[in-house]
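There are 2 protein chains.
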Amino acid sequence: MKKWIPIASGLLAGFVAATISFADFSAKTNTEAASTTKSDAEKVYVPFGQKDDYYLFASGGHSGQMFIYGVPSMRKIRTIPVFSQDSATGYGFDEHSKKMMGDYTWGDLHHPAFSETKGDYDGKYMFATDVGNSRAAVVDLKTFTTKDIIQVPNTAGPHCAAFVTENTEYMFLPTRFAVPVGQKYESLDNFSDQYRGVMSAVTFNEKNQKLGIAYQVALPPWSYDLSDAGKKSSADWAVMTTYNTEEATTNLEINASQADRDYIVLFNWKELAKMVKEGKYENVGGQKMIYPEKQKGGIYLIPVAKSPHGVDVTPDGKQFIASGKLAPTMTVFSFEKAFEAVKNKDFAGERNGIPILNYKSVMEREVNPENALGPLHTQFDDKGMAYTTMFISSEIVKWNPKTGETLDRVPVQYSPGHSVAAEGDTVAPDGKWIIALNKIAKDSYLSVGPSHPESMQLIDISGKMKVIQSAPVDPEPHYAQMIKADKIKTINVYPKDVKNKDAVYKQSDTKIVRNGNKVDVYGIAMRSKFIFDAKAKRPDVIEVNEGDHVTIHLTNIDFDEDITHGFAINSYNLNMEVQPGQTNTMEFVANKAGTYPLYCTNFCSALHQEMNGYFLVKPKK
Amino acid sequence: MKKWIPIASGLLAGFVAATISFADFSAKTNTEAASTTKSDAEKVYVPFGQKDDYYLFASGGHSGQMFIYGVPSMRKIRTIPVFSQDSATGYGFDEHSKKMMGDYTWGDLHHPAFSETKGDYDGKYMFATDVGNSRAAVVDLKTFTTKDIIQVPNTAGPHCAAFVTENTEYMFLPTRFAVPVGQKYESLDNFSDQYRGVMSAVTFNEKNQKLGIAYQVALPPWSYDLSDAGKKSSADWAVMTTYNTEEATTNLEINASQADRDYIVLFNWKELAKMVKEGKYENVGGQKMIYPEKQKGGIYLIPVAKSPHGVDVTPDGKQFIASGKLAPTMTVFSFEKAFEAVKNKDFAGERNGIPILNYKSVMEREVNPENALGPLHTQFDDKGMAYTTMFISSEIVKWNPKTGETLDRVPVQYSPGHSVAAEGDTVAPDGKWIIALNKIAKDSYLSVGPSHPESMQLIDISGKMKVIQSAPVDPEPHYAQMIKADKIKTINVYPKDVKNKDAVYKQSDTKIVRNGNKVDVYGIAMRSKFIFDAKAKRPDVIEVNEGDHVTIHLTNIDFDEDITHGFAINSYNLNMEVQPGQTNTMEFVANKAGTYPLYCTNFCSALHQEMNGYFLVKPKK
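If you're matching them up, the sequences are chains A and B in order. My numbering puts the first residue of the first sequence at 1, with every later residue one more than the last. My numbering puts the first residue of the second sequence at 1, with every later residue one more than the last.
None of these hints come from the bench; they were simulated from the model. Any given hint could be a false lead.
To be verified - Once the Cα atoms are required to be at most 30 Å apart in a straight line, the calculated DSS-like pairs of lysine-lysine come out as:
(1) A:Lys592 <-> A:Lys535
(2) A:Lys184 <-> B:Lys210
(3) A:Lys442 <-> B:Lys51
(4) A:Lys537 <-> B:Lys535
(5) A:Lys43 <-> B:Lys442
(6) B:Lys99 <-> A:Lys99
(7) A:Lys43 <-> B:Lys296
(8) B:Lys621 <-> A:Lys184
(9) B:Lys43 <-> A:Lys442
(10) A:Lys537 <-> B:Lys466
(11) B:Lys442 <-> A:Lys51
(12) B:Lys98 <-> A:Lys99
(13) A:Lys518 <-> B:Lys184
(14) B:Lys43 <-> A:Lys51
(15) A:Lys337 <-> A:Lys270
(16) B:Lys621 <-> A:Lys98
(17) A:Lys489 <-> B:Lys442
(18) B:Lys442 <-> A:Lys496
(19) A:Lys51 <-> B:Lys466
(20) B:Lys442 <-> A:Lys487
(21) A:Lys442 <-> B:Lys484
(22) B:Lys621 <-> A:Lys43
One chain only, chain A, in its complex shape (with noise of 0.2 Å):
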């Protein structure tokens, strides 16, 4: 029997005696492969003619994409390019998404989530971090494309992240790593004393699509993983885990898993920012940065089960629900009881400088399923149950917040990380189908090599949970969240901008500006031809001189759902897409002489293999 032990290095004895083999699982799996019923088949169906019940947003981990699939058929419908670059749109080619992506042609998303209005998904924006590159995005739903990209500076590695509060008055990023405020050299000897892990307040201004950072909170040196805004009574409150409380700078896998119990950091935002407008900030890099040993009262922690991951709050807000990924326990914690705890002063002492809240007196329940093992996160239900992955015994647990009864429980292949369920971050979750997020593939589909695909695998929860659907995916789906069709309102083709000096929309007004060694070129894609210029012996020809800088503005006239040009020209490493009526441009140094062909890169009629003329550069002499 092949023993597979996805946890570290034998050193964590406890763990690795319960550690479920890899062999254990497959017999489960086959066994239920076996008792599928045809109706599984009909279930994820959807013929030509219908169409999902719901869009699934997942994070694309580092390949810095976030994945749009429908559900029940988990089909993949798009990939909305936001940190890393992508030929097939141009984003990062073109000149508006290279400005956003900055000196950066990569990111690692994650945890995206929904703008919400009353605690409710809204269907009009998504936000996500970039835990490579430190950076926060929004992503427009209308268009279904990124609009903003910001750098957070004082920060690395914004993990513990995207959470909107209730009605997206802010989006919080604390971080994973803690650095030197201002990430300035430092010695790892002093990490105690000068490292943070820097959480910042980031907040959406609709009217102009652009993102901003409010203030941050220079938290003690630790990691922050995963956070929860409060909903209803606790909106004014959010939640979040932290590991390596122990302070350790090496070897995290033994150092960082010493303490029997790390931290929840609770923290009320409306106080913070009553902080910030009171001036009790200090100015770094910039920033309003709290320190919170010096400015009290908004944040406090609450001891939790070792190496905690995940932290839910439940969708009526009244709870919050811990997971300890190296215990295996889910904890249940009461608003209205820290709450209390807060207010009485009820501490159990302080670390860093915040006070702990009295473990006792706000915890309501421990949960220890019988061989349930590595607990990560909960999603929930209609009827406010709750559904835990768990990483190492391969399963998710349905059970009971208010009574902590386990309900039902179903293997799922291999160690979800996260999972999701239909609307289940709302007020109001749908309950209908929950998603495991799975990170581990093995043997589930046709081998690819020595890595394998990530997996998702649908499971349906409107009876005994059984999982209908597996679903190989792109890398890295660490979280995701699952809308209603309806609430999605997109264009269908980009409306005509007359204030737009970059656009064209007659034929006519093309032309070819020339200012000493730079070019302009105002040009129209329509089908099956480019016009550069319309009043040119080729119109479809520009021609420059070697060194030139070149501007080429292109407007797609076709305003016909679907019909998209590709704009590209050959061995020049250029390429970008013109949706219907949109307006691109892409600007470079035209600094080899010679003969190249540009071309429509995207298939857009009977004539596409005729949509190409000539970019030709004069040699310098």
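We have chain A; now place chain B onto it with these hints.
Using the frame of chain A, we list chain B on its own:
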């Protein structure tokens, strides 16, 4: 009734009159959807514990990548990065792939082709070309990774590729765009004299896994579109389509659609190889260039219906079928008759110094299924029956190449470019499945904004043709090949390579070596830590000086299927994957002083979140 006119401008009057409206198709479709039986769902459903029967390798077009799907489930299993950066795997970020990609960060991948043995897919390699930046690539199917990329000089846009000969002797790359030889600057007024459409004969050396160019052919300045190699009795020959034989230099939509006939180019690659051996070539920029007007006997033209797209050789190697995209005709030609015409010099004059075979002597039949418009590409089943995609009438027509009889037809949604049959390009197709590669999805799926996904539709051809699954797909499938799953033999982990000086398999062998301002790290990734120098106080920390040239070699010593680690340095725009057993290298200049967390980006174990360390960059004084 909304008229949806995929072709361009209304100027091709005959075509526009015949264009089928979008509304008409919607109506047909809804009728069909209503009659979908439950068995369709069962046919495409692959429950957990079972696997798909076929791998589908689809070109990614301007995404630059290859996409792997399972059939019949149509689930996407993998992206193989080929011509574009892919941060998920670190492709274009690690040293090996960065060097392979050269100066480019994207490509336009067209027409993947399996390596063949005796005219059958052998499951060993996959080839592809880059229309965007004129390259060719080979993918190793043991690991699903790109092994080599070469730049193809003297050409611009090898669209008419890749097709391999019966035993993978050559892969031919005729080019879509004519350019001056050497791609120098040259007025388009001199197009007919100075421009050429160069074809390259690319070879693959399996021993060192390197591509090479055996010779090139300076064909006339036309656009070469699609191609196929002969089989069995025609194995020494190949055919390709060419359009813009008008040699138009602007507004090709109109000007390249004037002549009633364009050509099939028929050539004998053994004759061409013989010419090279006999020194019958000129040296052009380091390449052996054959000029067909000077070296006769290897290349012939055959007139064919207006602006042909696909040309496809029947499985028995006896016929080839060309589809005239601007004429509603599939023309069946006989190889035997062509060989006779060549032997008897049965010519109808010459074009650009190349003999034209007499159309009537070579043509077997013209096939015009009623109202079938825009024939593009033909695939075959196990009975030798032909399936042709109709771009404009949005359907696939099944017909008998021996008789011309129309046997069946099925509407697809919408505008199929190519189709792919199970083992469809081999001497022995499997039958069972055809997949339509549709260019336009319109309202098929949940809306994701003005631009919609591409769409593939799986057609059961075991009885009357029926679309049984519709799958939105990543952009943009121009071609695909489908292979029996058991032909692909992947490795589970990379084997230990004791000859690799960059690899470190023992913790005690890890080290950080400094030579002047060059720092080489020989490190290990394992569940759940990095070790860069086991003897150091903090083995998971790398400290360098600002400006140092840093090379990090990292070996994943988890020799366990699917246990992949990632490695990123926060804010340094660096990420790469190390698959089980693999050694990978990252090289960069430490140009920013400060404290930067490094971490595993590929979820690997319950303690993945603890798998991090620090990259410290001491500032210059």
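**Asked** Which hint numbers doesn't this structure obey?
**Response** Violated: hints 2, 4, 7, 10, 16, 22.
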